[in-house]
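**Student:** Residue numbers (this note's numbering), protein chains in the order written: chain F, 1 to 96; chain C, 1 to 491.
I should point out that these hints are in silico values taken from the structure, not numbers from a laboratory. Don't take every hint at face value.
As the list claims (entries may be wrong) - Below are the EDC-like pairs computed for lysine to aspartate or glutamate, each with C-alpha atoms no more than 16 Å apart in a straight line:
| id | chain 1 | residue 1 | chain 2 | residue 2 |
| --- | --- | --- | --- | --- |
| 1 | C | K384 | C | E301 |
| 2 | C | K393 | C | E294 |
| 3 | F | K24 | C | E347 |
| 4 | C | K371 | F | D39 |
| 5 | F | K5 | F | E21 |
| 6 | C | K338 | F | D13 |
| 7 | F | K29 | C | D63 |
| 8 | C | K385 | C | E301 |
| 9 | C | K371 | F | E95 |
| 10 | C | K385 | F | D45 |
| 11 | F | K78 | C | D63 |
| 12 | F | K29 | C | D415 |
| 13 | C | K408 | C | D445 |
| 14 | F | K29 | F | D6 |
| 15 | C | K257 | C | D83 |
| 16 | C | K21 | C | E53 |
| 17 | C | K82 | F | E75 |
| 18 | C | K371 | F | E47 |
| 19 | C | K85 | F | E75 |
| 20 | C | K48 | C | E23 |
| 21 | F | K24 | C | E352 |
| 22 | C | K482 | C | D83 |
| 23 | C | K338 | F | E95 |
| 24 | F | K78 | C | E94 |
| 25 | C | K21 | C | D83 |
| 26 | C | K109 | C | D47 |
| 27 | C | K85 | C | D47 |
| 28 | C | K257 | C | D459 |
| 29 | C | K371 | F | D6 |
| 30 | C | K82 | F | E74 |
| 31 | F | K40 | C | E301 |
| 32 | F | K5 | F | E23 |
| 33 | C | K338 | C | E352 |
| 34 | F | K83 | C | D244 |
| 35 | C | K48 | C | E5 |
| 36 | C | K333 | F | D82 |
As the list claims (entries may be wrong) - To give an idea of the chain C side of the interface with chain F (calculated C-beta under 7 Å), a few residues:
| id | residue |
| --- | --- |
| 37 | F96 |
| 38 | R326 |
| 39 | R355 |
| 40 | I358 |
No residue lacks a Cβ here, since even glycine has one placed at the ideal position from N, Cα and C.
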Amino acid sequence: MIMDKDTVERMADIAHMYISEEEKNRISKELSFLLECFDKLNQVDTEGVMPTIHPITDRNILREDVVWESLPIEEVLKNSPDKDNRFFRVPRIIEE
Amino acid sequence: MKLHELTINKANELLKKKEIKSEELTSALFNRIDSFDGKIKAYVTLDKDRALEAARLADKKADFTQPLTGIPMAVKDNICTKDLKTTCCSKMLENFVPPYDATVISKLKDTNAVILGKTNMDEFAMGSSTESSFFQVTKNPWNLECVPGGSSGGSAAAVAADESLYALGSDTGGSIRQPAAYCGVVGLKPTYGRVSRFGVAALASTMDAIGPITKDVTDCAIVLSAIAGIDSFDPTSSDIPLSDYLKCLHDELNGIKIGIPKEFLDNDVIDKDVKDAFLNAAKIYENLGCICEEISLANAEYALWAYHITVAAESSSELGQYDGIRYGHRATKYEDLKDLYKKSRGEGFGTEVKRRIILGTYLSDAQNYDKYYLKAQKIRTLIKKDFENAFNKYDLLITPTVPTTAFKIGEKIDDPLKMYMNDLYTTPVNLAGLPAISIPCGFSDGLPIGLQIIGKAFDEASILRAAYAFEQNTNYHEKRIKWEEGFSDEL
Numbered sequence: 001m002i003m004d005k006d007t008v009e010r011m012a013d014i015a016h017m018y019i020s021e022e023e024k025n026r027i028s029k030e031l032s033f034l035l036e037c038f039d040k041l042n043q044v045d046t047e048g049v050m051p052t053i054h055p056i057t058d059r060n061i062l063r064e065d066v067v068w069e070s071l072p073i074e075e076v077l078k079n080s081p082d083k084d085n086r087f088f089r090v091p092r093i094i095e096e
Numbered sequence: 001m002k003l004h005e006l007t008i009n010k011a012n013e014l015l016k017k018k019e020i021k022s023e024e025l026t027s028a029l030f031n032r033i034d035s036f037d038g039k040i041k042a043y044v045t046l047d048k049d050r051a052l053e054a055a056r057l058a059d060k061k062a063d064f065t066q067p068l069t070g071i072p073m074a075v076k077d078n079i080c081t082k083d084l085k086t087t088c089c090s091k092m093l094e095n096f097v098p099p100y101d102a103t104v105i106s107k108l109k110d111t112n113a114v115i116l117g118k119t120n121m122d123e124f125a126m127g128s129s130t131e132s133s134f135f136q137v138t139k140n141p142w143n144l145e146c147v148p149g150g151s152s153g154g155s156a157a158a159v160a161a162d163e164s165l166y167a168l169g170s171d172t173g174g175s176i177r178q179p180a181a182y183c184g185v186v187g188l189k190p191t192y193g194r195v196s197r198f199g200v201a202a203l204a205s206t207m208d209a210i211g212p213i214t215k216d217v218t219d220c221a222i223v224l225s226a227i228a229g230i231d232s233f234d235p236t237s238s239d240i241p242l243s244d245y246l247k248c249l250h251d252e253l254n255g256i257k258i259g260i261p262k263e264f265l266d267n268d269v270i271d272k273d274v275k276d277a278f279l280n281a282a283k284i285y286e287n288l289g290c291i292c293e294e295i296s297l298a299n300a301e302y303a304l305w306a307y308h309i310t311v312a313a314e315s316s317s318e319l320g321q322y323d324g325i326r327y328g329h330r331a332t333k334y335e336d337l338k339d340l341y342k343k344s345r346g347e348g349f350g351t352e353v354k355r356r357i358i359l360g361t362y363l364s365d366a367q368n369y370d371k372y373y374l375k376a377q378k379i380r381t382l383i384k385k386d387f388e389n390a391f392n393k394y395d396l397l398i399t400p401t402v403p404t405t406a407f408k409i410g411e412k413i414d415d416p417l418k419m420y421m422n423d424l425y426t427t428p429v430n431l432a433g434l435p436a437i438s439i440p441c442g443f444s445d446g447l448p449i450g451l452q453i454i455g456k457a458f459d460e461a462s463i464l465r466a467a468y469a470f471e472q473n474t475n476y477h478e479k480r481i482k483w484e485e486g487f488s489d490e491l
């Protein structure tokens, strides 16, 4: 299986991430090789085998919905690169 | 014995007897770091003022009944520490200062532990050599030309170089055990769910485990006792009761049945010296009255690829949270929201991280999901069954931790396949969620070799007991590093 440069670029776009031409070449080469390794798994007969969704737990973990104190807003906003008062600032998202 | 060489257990004894003070011990560690870490580069952030303050507080309270009180330690940089930078060694989080502590950190702080600083790692824990860190390359203290392993390479190197009494690491496919093996220290990956993951930057949520890296097995039991247990902030943490990990060290080993997976020895990637050291370790167990027999883990050879599919798919999803909005790197110039995302992520992530995100995105695509991710999860079921069958007959399994000793810096970073082979013996354990330890079991050309002991889910006690018995009958863990000329061990 080959992962060509166009596919690498398409995946990078889906993942919202620019990559350089050099990265594209390198990643395409390395992942094509890796996908070939993954093909080895086709040798395994998994007919009728249930997938492992979780390594240990096989039940849902539920808890009471309890109110507790959350972090102060200024603490939460502390790491934001752009904030205004009580809000995260982002570029305009609604087109005119 | 010098203060920085102390184990937790020994230091605790001296603190209790008032023969040393935590402040004195902590200062000795910072002196050690000052003179050694310029070469080792285990730490990315030091927290001297607060560490000394915590030490003085421990001295003032003078209650050392909890063994970690006043003991200096180091934390891998993907574990959140309140008001102390936590970067995952990525440009993306270069300036991130967590507003809260991870549960493991709260637990340690409750015992008045002394946090020296944060340790280097592969960027977002993606790697086996600590070379993909955005900041620096950590050196193996046994040979400065070699890698310390990874991704918890800084933690393992800090402990091996006596720059910390112990450290915390995280293990998704071997990231505690492999660096512990390469650096000649003890590293435990607990059962999935034994230790809370709350506040630890996720790599793969169905496999991540937090655990101790220590100088010996007793210390490992001490740290596990302090960090293990259910946590309401981590719904995957388990309510299965903890054992008395210190008491179990002294339990009888005679008659224990140990399985040796033959697939891990009969292959062309294992070094002869590693194989010899491993076979010698098996002999030591036989001499201790254990029954060692060859077994088969038929699907183990597929584990490595099933692991890489799982980790890529899960991590690409986890890393979606780094968008440059709420925290992390944000590009300075952008046209619109999408451009902001793309530039922030493009600039913030290193190539290895991008490679895995692209792979994970591809594997999670509707067209590929069944072929790769679902297939990998079915194989995971088969691997779990292999282990279950083995544990129906055997109490423990032993394998080498890694097929080789530490490799040279730069040697494998451009050859992903060779890098993957490093994880051959450790990844099946994460897929099955089992606990496993790496302990020193020999040397090859001056580099340490690790022995991996795998146990049943939540049976860390049996692993620790077997590891302790091995340690009592060997002296690999006591062997000291011979520092090169002009790099004196004296303070």
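**Student:** Output the numbers, in ascending order, of every earlier hint that fails for this structure.
**Tutor:** Those not satisfied are hints 7, 9, 11, 15, 22, 25, 29, 33, 34, 35.
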